[in-house]
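Could you put the whole structure together from the sequences, leaning on the hints where they help?
Protein chains in written order, with our numbering: chain Y, 91 to 541; chain E, -2 to 359.
Source of the hints: derived by calculation from the structure; they are not laboratory data.
Remember, it's a predicted structure, so these values are computed and weren't measured experimentally.
Hints are not guaranteed to be accurate.
[Stated by the list, open to error] Below are the DSBU-like pairs computed for lysine-lysine, each with C-alpha atoms no more than 30 Å apart in a straight line: (1) Y/K447 <-> Y/K200; (2) E/K69 <-> Y/K188; (3) E/K62 <-> E/K145; (4) E/K145 <-> Y/K188; (5) Y/K461 <-> Y/K440; (6) Y/K447 <-> Y/K294.
[Said to hold, decoys possible] Listed next, with one range per pair, are the computed distances between beta-carbon atoms: (7) Y/E109 <-> E/F72: 27 to 35 Å; (8) Y/P330 <-> E/P336: 36 to 44 Å; (9) Y/H344 <-> E/L349: 53 to 61 Å; (10) Y/D320 <-> E/M57: 45 to 53 Å; (11) Y/E423 <-> E/I39: 31 to 39 Å; (12) Y/P330 <-> E/L290: 50 to 58 Å; (13) Y/Y342 <-> E/E328: 16 to 24 Å; (14) E/G177 <-> Y/S400: 51 to 59 Å; (15) E/A44 <-> Y/A323: 40 to 48 Å; (16) Y/P330 <-> E/L122: 50 to 58 Å; (17) Y/S400 <-> E/A156: 32 to 40 Å; (18) Y/Y342 <-> E/L290: 27 to 35 Å; (19) E/I344 <-> Y/S400: 38 to 46 Å.
The C-beta atom is built at its ideal place from N, Cα and C for all residues, glycine as well.
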Amino acid sequence: MVDERTERGTTELWVSGTEEPDWLVAGTDEGAQLMQKEETVERTIEQRGTRVIDDFVIDDSIDSDERMVVNMGPQHPSTHGVLRLHLELEGEIVRKVKPIIGYLHTGMEKTAEELTFLQGPTNVTRMDYLAPLHNELVFSLAVEKLLGIEMPPRAQAIRILMTELNRISSHLVAAATNGLDIGAISMMFYGVREREMILAFLEKVTGLRMNHNFIRPGGVAADLPDGWQDDIAGILDRMPEALVEYDQMLRYNHIWRGRTVDVAILTEQEALAYGITGPTLRATGCEWDLRKSEPYSGIEQYEFDIVTASNGDAYDRYRVRMDEIAQSLRIIEQVANTMPLGDYKADDAKVVPPPRKRIDESMEALIHHFKIYTEGFKVPEGETYVAIESPRGELGCYLVSDGGSKPLRMHIRAPSFANLQALPIMMVDSMLADTIAAIASIDPVMGDVDR
Amino acid sequence: MDGWDFLLIVIRVVVIFVMLMITTLLLVWFERKVVADMQDRIGPSRAGPWGILQTLADGMKLFFKEQITPRKVEFGLYIAAPILATVPAFLIFMAVPFGRPFTLTLGGEPREILLQGADLNIGLLFILSMSSIAVYAVVLAGWSSGSKYPLLGGVRATAQAISYEAALGLSVIPVVMYTGSVQLSEIVEFQRANLQFLGNVIPFIPNWNLFLLAPSFVIFFIAAVAETNRAPFDLVEAEQELVGGFHTEYSGLRFALFFLAEYINMFTMSAIAVTLFMGGWSGPTWDGVLPALVSGVLPTFWFFAKVVVLLFVYVWLRATLPRLRYDQLMEFGWKRLIPGALAWLMIIGVVLAWRQFGNPWS
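As structure tokens, then:
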């Protein structure tokens, strides 16, 4: 495959001012790319017994007149925001799917270069808006790795508590929208109802329902409020009941099973080849969870299982998410029972702003406070990559620092972006309605995809 | 036929028209309230007491909205489709009796006044034919819009309607065979007696076809849900897949007509199911015990009460079930419903022949 690409010339570089080579077309937009010359070498591979070129199924027996091109999205009720799908239909059968992204691109990675490390979490928290705390955590972990500071146990435990709660709320939205997309409208409201309970707790702790800016380099913004144990107990009480309700509503529902079982199958091989992670990968049977394989924030102290399924279809992905909620509840229960006492911030005056009280007493504290909030703290030169398990998969943060108070380059490895690549191969010759089921089962967040 | 008769016909038509309009208003409100309750929401609550005027407000809004006509439409059919959807919806109900006939002296002679648009002697056939015409509206709307999502909706509608029309027709035949009439007033009259089973008259239980022809009722109701394009068979206008389905390109009053037709169809299908299987307007009236006026109104009350029960099932289905996929819908129609209806038809045929002609070996 590599050789063929070389033959086509994609590895060559064209320098402006020189003669334009034939493989170069005017632009990089989709229209210009479509005008490119057809490849002379057919790069055909077998995918589940179907001939596939460039991930798209080619069936010569069909007259091209019978094909209808439908642009599903970016304004469409069930493309999870602004995903656009370029569908080629033959009646109800989808022959070719091309996801087109970029409608929610806001340049956050570039913005990060203009923000100090302390301001960074406010930026990254807006990327995956259903799991904001995970974004904050991965950014903070990356900064802390460059700084080389250790978190006190309480800060770590609070981080795990909050991110696992966030995982539940995110999976609840996934289940809710999955239900809605397949026509079970009530699931939308049931899912959001339980999510509300969790968001209320997050609001109590962080002050906001989303975009919290709660997990920051150097710890968390505040300690847990009084009576947090009661709220957690309430959540731990209610959620198992709710999971049973969802199961009664969807998991054992004949129509639901008919709509999701054996729909949008992804094999383990394909998933690994496309870099797919998270529940989508685990549904194929691959036991891969960064909480186990590369534990962060002391999550290795808690007992939980990796949920896997075997078939890799939309039903399995839904099931894995639902069972992961139960596992997250286990973690939360353990965290709540073993919450260590102590500081919720690192003991490093250069990174962590001093408590308000100290500012009145100490000149040093006042100076540190001023420096941290104006210039920001300096991070030693270097680069790092940290990854955590977000509800959607491997969420990574690649951070380069030149020794200043702002990152030189920040890149987020977004799980939704990678997972979305699987859509064309999932949709090999399926029905139009399955497209919706497939999108919902991947659970992409467009903010995470485009950033 | 004198002037009074003519006047009575006009009054009946107007009454039914107004009744259907009001029923639709209440039905939409009823659906929203019930679904909201099932989903832990409040539902409409602002317009009027308990939000009961919400539909009226929505209707007014649609009435005054701009009617956008896309450039690519086939204009004649595009305009005709919503009308074609609404008119049969009203006409179907004309054949359904919704109350006990009563006698009134007008112009010097006593006249029997039917609570029914017209007591057609081919009532059931009329209903089936009208519901078939309504399908054209969806198909034509989908095709004439000149747009892709409506086209897909229209194609789905064609296949769905043909499949489920067959099941609907087959499920009605046992009723016709059992009661021996296609006239709806006679079918209702037949069900007013007490239940007869194996030659015994069972007291206190009415002779509803529902009891002896239960499979027919189940098939009829499923097919009726599919005919009216309601969840879980609402593929024609599946919002999550086809945006608006066949009515994507319709706006303003034209959209309101489709909406109206859908809810009237829901109501009439329930009314027909009540008439065929649940005894229509029959029910205890306590003649002589209660005042004559109350006894006269009670049958209409029973009729609507039974219809509301079925409408509740419609709404309940919508709040509970996910949508079927196109191929699953076809499979369900052709591999389950139609063979089931045919098998049941044969059983009923054999039983009735046995009853009429005795043992074949005697």
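- Quick one, are E/K145 and Y/K188 close enough, alpha carbons at most 30 Å? holds, 18 Å
- Message: Between the alpha carbons of Y/K447 and Y/K200, is the straight-line distance 30 Å or under?
- Response: Measuring from Cα to Cα gives roughly 36 Å; hence the hint is violated.
- Message: Range first: 32 to 40 Å. Now tell me if the beta carbons of Y/S400 and E/A156 are that far apart.
- Response: Cβ of Y/S400 to Cβ of E/A156: about 35 Å, so the range 32 to 40 Å holds.
- Y/P330 versus E/L122 beta-carbon gap, inside 50 to 58 Å or not: At 56 Å between Cβs, range holds.
- Task: Please test the hint of 38 to 46 Å on the beta carbon pair from E/I344 and Y/S400.
- Result: holds, 44 Å
- Task: Note whether the CB distance of Y/H344 and E/L349 lies within 53 to 61 Å or breaks it.
- Result: The hint (53 to 61 Å, Cβ to Cβ) is violated, given that Y/H344 and E/L349 are roughly 34 Å apart.
- Falls inside 51 to 59 Å, the C-beta gap from E/G177 to Y/S400? Holds: the Cβ-Cβ distance is about 58 Å, inside 51 to 59 Å.
- Message: Would the hint linking Y/K461 and Y/K440 be met if the CA-CA limit is 30 Å?
- Response: With Cα atoms ~9 Å apart, Y/K461 and Y/K440 stay inside 30 Å; holds.
- Query: Holds or violated: 45 to 53 Å for the Cβ distance of Y/D320 and E/M57?
  - Reply: holds, 49 Å
- Message: Between the alpha carbons of Y/K447 and Y/K294, is the straight-line distance 30 Å or under?
- Response: holds, 23 Å
- Task: Please test the hint of 27 to 35 Å on the beta carbon pair from Y/E109 and E/F72.
- Result: Since the Cβ atoms of Y/E109 and E/F72 sit about 54 Å apart, the hinted range of 27 to 35 Å is violated.
- Message: The hint says 50 to 58 Å between Y/P330 and E/L290; measuring C-beta to C-beta, is that right?
- Response: holds, 57 Å
Consistency note: the structure conflicts with the earlier hints numbered 1, 7, 9 and 18.
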